[in-house]
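Q: Below, each chain spelled out in residue letters.
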Amino acid sequence: MTRTTEPPATPAKQVAASPRKAALSEGKKAERKLGLLLCAPAALIMVAVTGWPIIYSFWLSLQRYDLKFPDDREFIWFDNYVAVLSSPYWWNAMWVTVLLTVVSVAIELVLGMALALLMHRTLVGRGIVRTSSLIPYGLVTVVAAFSWRFAWTPGTGYLVALMEEGSAPLTEKVPSLLIITLAEVWKTTPFMALLLMAGLALVPDDLLKAAAMDGAGGWQRFLKITVPIMKPAILVALLFRTLDAFRVFDNIYVLTSGSNGTSSVSVIAANNLIRGLNLGIGSTMSVLIFIAVAIIAFVFIKVFGTAAPGSDEGGRR
Amino acid sequence: MGATRRYRLAAGVGAAVLAAGTLTACGSGDQGITVNVYKYNQENFQAIVDNCNAKAGGRYKIVYNKLPREADGQREQMVRRLAAEDASMDVLGLDVTWTAELAKAGWIREFTGSVKSQVEDGTLRTPLETATYEGKLYGAPDNTNVQLLWYRSDLVPTPPKTWDEMISMAEALVAEGKPGRIVGQGKQYEGLVVLFNTLVNSNGGKILDENGTKAVVDDKAVEALAALKKLATSKAIDPSFSNAAEDDARLAMEAGRAAFQLNWPYVYSAAQKKPDFAANFKWAPYPALGGGESKVTVGGINYAVSRYTAHPDESFEAVLCLRSAENQKIAATKDGVPPTIRSVYDDPEMDQAYPMKDAILQTLENASSRPASPAYQNVSTVISTILSPPADIDPKPTADRMRKELQDAIESKGVLP
Amino acid sequence: MAGISGAETKAKRIGWGLLNTVAVIYALVPVLWIVSLSFKSSATLTDGNFIPREWSFDNYRNIFATTEFIRALVNSIGIAVIATAIAVVFGTMAAYAIARLDFPGKRLLVGISLLIAMFPQISLVSPLFDIERALGLFDTWPGLILPYITFALPLAIYTLSAFFREIPWELEKAAKMDGATPAQAFQKVIAPLAAPGVFTTAILVFIFCWNDFLFAITLTSTEASRTVPAALSFFTGSSQFEDPAGSIAAAAVVITIPIILFVLFFQRRIVAGLTSGAVKG
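Line by line, the protein sequences give chains G, Z and R. Quick note on numbering: the numbering used here labels position 9 of the first sequence as 9, and the sequence is numbered without any gaps. Quick note on numbering: the numbering used here labels position 158 of the second sequence as 158, and the sequence is numbered without any gaps. Quick note on numbering: the numbering used here labels position 64 of the third sequence as 64, and the sequence is numbered without any gaps.
For the record, the hints were derived by calculation from the structure and aren't laboratory data. Treat the numbers as computed from the prediction; the structure is a model and nothing was measured. Any given hint could turn out to be false.
[Said to hold, decoys possible] Computed cross-link-like contacts, DSS-like style, restricted to lysine-lysine with a CA-CA straight-line distance of at most 25 angstroms:
{"#": "1", "chain 1": "R", "residue 1": "K176", "chain 2": "G", "residue 2": "K231"}
{"#": "2", "chain 1": "Z", "residue 1": "K273", "chain 2": "Z", "residue 2": "K334"}
{"#": "3", "chain 1": "G", "residue 1": "K173", "chain 2": "Z", "residue 2": "K61"}
{"#": "4", "chain 1": "Z", "residue 1": "K214", "chain 2": "Z", "residue 2": "K235"}
{"#": "5", "chain 1": "Z", "residue 1": "K161", "chain 2": "Z", "residue 2": "K229"}
{"#": "6", "chain 1": "Z", "residue 1": "K55", "chain 2": "Z", "residue 2": "K136"}
{"#": "7", "chain 1": "Z", "residue 1": "K282", "chain 2": "Z", "residue 2": "K357"}
{"#": "8", "chain 1": "G", "residue 1": "K173", "chain 2": "Z", "residue 2": "K273"}
{"#": "9", "chain 1": "Z", "residue 1": "K334", "chain 2": "Z", "residue 2": "K274"}
{"#": "10", "chain 1": "Z", "residue 1": "K39", "chain 2": "Z", "residue 2": "K334"}
{"#": "11", "chain 1": "R", "residue 1": "K188", "chain 2": "R", "residue 2": "K176"}
{"#": "12", "chain 1": "Z", "residue 1": "K230", "chain 2": "Z", "residue 2": "K161"}
{"#": "13", "chain 1": "G", "residue 1": "K173", "chain 2": "Z", "residue 2": "K357"}
{"#": "14", "chain 1": "G", "residue 1": "K224", "chain 2": "R", "residue 2": "K188"}
{"#": "15", "chain 1": "R", "residue 1": "K10", "chain 2": "G", "residue 2": "K302"}
{"#": "16", "chain 1": "G", "residue 1": "K29", "chain 2": "R", "residue 2": "K173"}
{"#": "17", "chain 1": "R", "residue 1": "K176", "chain 2": "G", "residue 2": "K28"}
{"#": "18", "chain 1": "G", "residue 1": "K173", "chain 2": "Z", "residue 2": "K161"}
{"#": "19", "chain 1": "G", "residue 1": "K33", "chain 2": "R", "residue 2": "K173"}
{"#": "20", "chain 1": "G", "residue 1": "K29", "chain 2": "R", "residue 2": "K176"}
{"#": "21", "chain 1": "Z", "residue 1": "K214", "chain 2": "Z", "residue 2": "K104"}
{"#": "22", "chain 1": "G", "residue 1": "K28", "chain 2": "R", "residue 2": "K12"}
{"#": "23", "chain 1": "Z", "residue 1": "K357", "chain 2": "Z", "residue 2": "K104"}
[Claimed, not checked] Chain R regions said to be covered by chain G (calculated; three or more residues, Cβ under 8 angstroms):
{"#": "24", "stretch": "31-44"}
{"#": "25", "stretch": "52-59"}
We treat Cβ as the ideally placed atom computed from N, Cα and C, and that holds for glycine.
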């Protein structure tokens, strides 16, 4: 809507619509119509399913509304936000969440890229490598987390047996967070790797060959050719992993239930919303998580360049 | 283009699926009255339902709808439907701690008249207490539960009678290099609240006042906090205590790491799978704190009738049948859940399934319930968070903090941890 | 790193083999642990041994003893396949438009889909429950398919449009100049280039639908539509407090098999290294 004045950067018309190239305004109209038509099903379904629930959550966050005390329901503007933002529990969970997100996404990016290159380049047993690397992502999170808990619990686990006698890593904050990170990284690296591998598939081999002939080393080729072409794929992978990592719930819930100060913001939100039935406070937390995630997304898009599709300068040069 | 065609196809499939779903939904609704019971997945419950259906002689038909394994999951489903005034739920299997919440919200019906007296007749006192809120009966106790002290008779010739005695015996064993540790529930969840409630009540203290409207956490409760800290910091505590739930405790003891275990009676039947271990696996009443007898926290399930049921009379009748002495015996012997009707314990068949039934009965007669408050979930969340990890308890300041945060939690003010 | 293909020396081959082995071990050891748990007998389940001391099929027998698990499996497969198909088709359409066409409301759509991806789902389930009950969608297949499409679409749109932007569309033009019809140009040039992105998206969306627990537990109430992740939470141990670890592990193994098949089937389509030379006129 905002940028109809800008010229279309894509050489799209010939595929898009009317063969009458001369009538530009008509071609443009047809392009618009096709664009809207193509987007309509996706847009309709998304808005129909989530429109009301999202608005309703914002509305609830401005109310004192506890399902257990329905008579006390009243409109209180931003009091819930004050209550949440002044709670030390909230901030502890926030820091735990930020730490987990930053550390696990960073590790995932490195491992995911390595795995993607491996899956992309390897000639020996490609199917096996690709499929087995993807299994962790395919496992149901709760079950994977459960098996990690089993593995790290003294007496029942093989991993804890490798540690010093008498250690119980899931009973202390730092080791617990490390194990949660490990479980997250192990589980979601394949997600990253798969998206990156799809990006790698777009890097033309002859471009790399040409660069090699010009004397560029492997590392240089990777940074100067592969990464720039993959940039959109990398950003999408990072963005969606960060959004997900920030809302980590299952792993923590199964591994520690938040014992020893390991709650994340989602665990706290669930405690208030689902267990506590405090719709006001719970919705406030949801909105705050949403805002935090939106800030992350904004930073991504601003810092790493215009990654959001549609806000770009169009297709390939 | 191709995509549109596929879209139509997909929509067609969707519509067909929807139609199929509606058909199956209609299939079950015949003319007769259906009483929908929602209860956790109890292995042999269908047999009990069949018994009652036979007894009803076609006047109504009880249908068993399973709820998830975890208590939180059960409550979430029921509350969500009750909040939506769902008329398809009639009888609800409620955890003993939910009575106040659902009664206060007006979601469950009071038991009155002859139904009430039939429920009360011969039923143990503490389970009844858990079904009562503000002096009115809102539930019919189905099964109950109490923790006992489980110990290894090869290491411990005579079980300890008190809390301190248990800790010193365990420490002595550990000092000798024997597997003498203590296991129990120290994770941040309901089990830690059960442990704390037992200690406070045994010591004669209070967490909330009688009406559940004011946080008390008196001096006796402070002593209970000290006792919990003593256990958590003892050389004899199992290292995984602060992240252990019921089954973690059981497994730790079965793995040969502990001589003492605070746990529910299910550990007995589970132990029978390992005959070597079971041979020396014995029980005793829960160790006492503060002189008198221990007052152990009761667990269990009560039946309640939904406010939105279309068939209240049939629902109450179904409840009476489902919890009858005869059916409680089936549940006790087949599914291992202790009965709430006193006379069932005298049945000879109970001896085999429940060699520890006398200890259970003795404990039950002197048991305690958790604080009755409509905001019990808040209370529980606050207590377990403040107590986690138990080794970090500093009795007096911890009690002060708990009192303050509990008061907010009861009034549903502020943020839950 | 991104070595160019050429004469692979023996050393290189061994190097790749080694790296592959490391990757496979890293990915599979925890999975094997779950497999091992699923084959342990109840007496040895908790002995902490990585390899079962006693092999037993009891856990598998347990989960298949009633129709409950099979029903859930059927629901899972049906719901995930339908939702994936619809989400990928709609996502491809929208992503193509976003990447290639200029039309009003484009940014709005991109913004909305990101917003949906960012909003905590946990606070959306209760209102959704109310809506679905009112519409009669509660506890039906469409009742799960619709939210799955919705929450898969943002990822699909983003992945695919990022992907479509990088496709050298001028190749299509070149092909047409060489005399190909538009349909041929699409089929021979664009479709192979787009396939990796589409199949990657399909895999990710399928796994998302397959593994969802939150919607599955909230929006279903009977076997009519309960999927496997939700059904897992109905498993019981032999008593109330016993964790049904063995049965859960067995179920997890069983439901991972369709994922493996799905990935095996689609990974071949994620072809590597397109060579632009091949189509150059």
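Q: With reference to the structure, classify each hint as holding or not holding.
A: Quick rundown of the hints versus the structure:
1. R/K176 - G/K231: The hint is violated at about 29 angstroms.
2. Z/K273 - Z/K334: With a Cα-Cα distance of about 16 angstroms, the restraint between Z/K273 and Z/K334 holds, given a limit of 25 angstroms.
3. G/K173 - Z/K61: violated, 52 angstroms
4. Z/K214 - Z/K235: violated, 36 angstroms
5. Z/K161 - Z/K229: It holds: about 19 angstroms lies between the C-alpha atoms, which stays within 25 angstroms.
6. Z/K55 - Z/K136: violated, 29 angstroms
7. Z/K282 - Z/K357: holds, 13 angstroms
8. G/K173 - Z/K273: violated, 35 angstroms
9. Z/K334 - Z/K274: holds, 19 angstroms
10. Z/K39 - Z/K334: holds, 17 angstroms
11. R/K188 - R/K176: Cα-Cα ~11 angstroms, so holds.
12. Z/K230 - Z/K161: holds, 17 angstroms
13. G/K173 - Z/K357: violated, 40 angstroms
14. G/K224 - R/K188: Measuring from Cα to Cα gives roughly 30 angstroms; hence the hint is violated.
15. R/K10 - G/K302: Roughly 46 angstroms separates the two Cα atoms, so the pair is violated.
16. G/K29 - R/K173: holds, 22 angstroms
17. R/K176 - G/K28: At roughly 22 angstroms apart (the allowed maximum being 25 angstroms), G/K28 and R/K176 satisfy the hint.
18. G/K173 - Z/K161: Not OK: G/K173 and Z/K161 at ~35 angstroms, beyond 25 angstroms, violated.
19. G/K33 - R/K173: holds, 22 angstroms
20. G/K29 - R/K176: holds, 24 angstroms
21. Z/K214 - Z/K104: Roughly 16 angstroms between the alpha carbons, so the hint for Z/K214 and Z/K104 holds.
22. G/K28 - R/K12: Violated: G/K28 and R/K12 sit about 53 angstroms apart, past 25 angstroms.
23. Z/K357 - Z/K104: violated, 35 angstroms
24. 31-44: Contact hint for the stretch 31-44 of chain R vs chain G: holds, 4 residues under 8 angstroms.
25. 52-59: Violated: only 0 residues of the stretch 52-59 of chain R have a Cβ under 8 angstroms from chain G.
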